[in-house]
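S.K.: Spelled out, the chains give:
Number of protein chains: 2
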Amino acid sequence: MQTKSENRCFGGVQGVYTHASNACSCDMTFGLFLPPEADTGPVPLLWYLSGLTCTHENAMTKAAAQGWAAEAGIALVFPDTSPRGEGVANDEAYDLGQGAGFYVDATQSPWAPHFRMYDYIANELPVLLGAHFPLDMDRQAITGHSMGGHGALTLAMTLPGRFRSVSAFAPIAHPTESDWGRKQLDAYLGSDHDAWTRHDSTLLMHEHGFDGPILIDQGASDQFLHLLKPEALAQAMAERRQDGAFRMQKGYDHSYFFVSTFMEDHVAFHAEALFA
Amino acid sequence: MQTKSENRCFGGVQGVYTHASNACSCDMTFGLFLPPEADTGPVPLLWYLSGLTCTHENAMTKAAAQGWAAEAGIALVFPDTSPRGEGVANDEAYDLGQGAGFYVDATQSPWAPHFRMYDYIANELPVLLGAHFPLDMDRQAITGHSMGGHGALTLAMTLPGRFRSVSAFAPIAHPTESDWGRKQLDAYLGSDHDAWTRHDSTLLMHEHGFDGPILIDQGASDQFLHLLKPEALAQAMAERRQDGAFRMQKGYDHSYFFVSTFMEDHVAFHAEALFA
Chain A
410 MQTKSENRCF GGVQGVYTHA SNACSCDMTF GLFLPPEADT GPVPLLWYLS GLTCTHENAM
470 TKAAAQGWAA EAGIALVFPD TSPRGEGVAN DEAYDLGQGA GFYVDATQSP WAPHFRMYDY
530 IANELPVLLG AHFPLDMDRQ AITGHSMGGH GALTLAMTLP GRFRSVSAFA PIAHPTESDW
590 GRKQLDAYLG SDHDAWTRHD STLLMHEHGF DGPILIDQGA SDQFLHLLKP EALAQAMAER
650 RQDGAFRMQK GYDHSYFFVS TFMEDHVAFH AEALFA
Chain B
410 MQTKSENRCF GGVQGVYTHA SNACSCDMTF GLFLPPEADT GPVPLLWYLS GLTCTHENAM
470 TKAAAQGWAA EAGIALVFPD TSPRGEGVAN DEAYDLGQGA GFYVDATQSP WAPHFRMYDY
530 IANELPVLLG AHFPLDMDRQ AITGHSMGGH GALTLAMTLP GRFRSVSAFA PIAHPTESDW
590 GRKQLDAYLG SDHDAWTRHD STLLMHEHGF DGPILIDQGA SDQFLHLLKP EALAQAMAER
650 RQDGAFRMQK GYDHSYFFVS TFMEDHVAFH AEALFA
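Going down the list, the sequences are from chains A and B.
Heads up: the first sequence begins at 410 in the working numbering, then just goes up one per residue.
Heads up: the second sequence begins at 410 in the working numbering, then just goes up one per residue.
Hints were generated in silico from the structure; no laboratory data involved.
Errors might be hidden in some of the hints.
Which copy is meant is left open, so a pair is good if it fits within one copy or across any two.
[What the hints assert, rightly or not] Within a straight-line C-alpha distance of at most 30 Å, the following computed DSBU-like cross-link-like pairs (lysine-lysine) qualify: (1) 471 x 592; (2) 659 x 413; (3) 471 x 413.
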């Protein structure tokens, strides 16, 4: 593992690291914020999964999460959103290929050799993080924005016991019924729709829900509402009597101005679960 | 004036606007954050001047200032750092020309026709802001980072009565004695060093100081310490018995991770002066 940069930030350290990934068969880069408390012992970990077109860097510089994490004594990890590099397949569209991994393990050509973001986030990166940093891997939570909100919710519901709490900012909530989803699931997983269901948080919520609290924030003026389909997830959460809150935020759009506004609430929400 | 974007942010609005500038003889773009209080009446204004290579956008997305400004009920303006466009002179170096206006009014060729950032910030933009937005222009304060910290300090000390308080993050503190300064002052203002003195905050501090409180934060691990020369300004502040604080922050570098860490303190510092 290679250290790309380390910056003092809110009394802790915002680092960026690169490593050879077995899951993705390429070098992968991630950001990790360690709060001051990490100097003296392991701290809980909150995952932040990013959206379409993002790298590890967007949320790290624009989500204003480090201050709240430092206050709570929680580490933050910012993974990349896909494999990258010259030998890695890509597409001209912004919503397929590099920058658009959708947190699935691709089975179809040309994506299968590298696009294994589910495996990477669920299996490889946690082992690496636990081995190299002062993190208490028994206390993990997960959040994300847009495609990353989809990732957070689907990972949390398909890895029971892994995350104590899950939240999302404007998640892609029902990809099997959206143009943000069908195209990508077809490309990565093929036409067998049974393989799609475990990557749709509305369907997963109907099926078994999440064994812990959920917090969803959605901007009411989000320009992508028709692609995100929050109403499907809200209905599924209510039907299941899922512990949690679905909040529709008047006037907010899909940007990081929205994410940063509610970051304090999300970190506090996860802190409550992580330190319970 | 043209609205480029408006995003809901911490209950207020983060806007971006473009206008034809008389001072700079080109179109200029700025960001303006209005807190929720601006819906019901004029609010005080805090200027944020950015550093080398920045546009209006960097601090707007990376400084994490809006949350604190919303809490305090203060507007934030994020001007660009230079004139821009096809007809505007430029230089291959990152530290001269577009993105590097140094907040002076150039008298030398080829810079004189457009590079009038002092005039723009001191005269044109305040009039425009006061005319178009619910701002209380009798209550202004100013801050900035690096070259923008230099701009904030020199504007505050050469416009007595304009700003109630001034602060800076890692300012270029003594440009007449630094490679971040001599080159640019020579290019923009020529070899008459008398014209340089009103653009050097250490010299201005020696000469007359600032009639109000000053807050300076400087990272002790800043990679540009030898160019910023904070010790010269600290000495001048102490000699003058200047009201204020010069804080050396252990472990911090020159990045926005440093700026965002101390933004809460700076907004609170200005709020105290603006609402006194």
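S.K.: Identify every previously stated hint that the structure contradicts and give their numbers, smallest first.
M.R.: none
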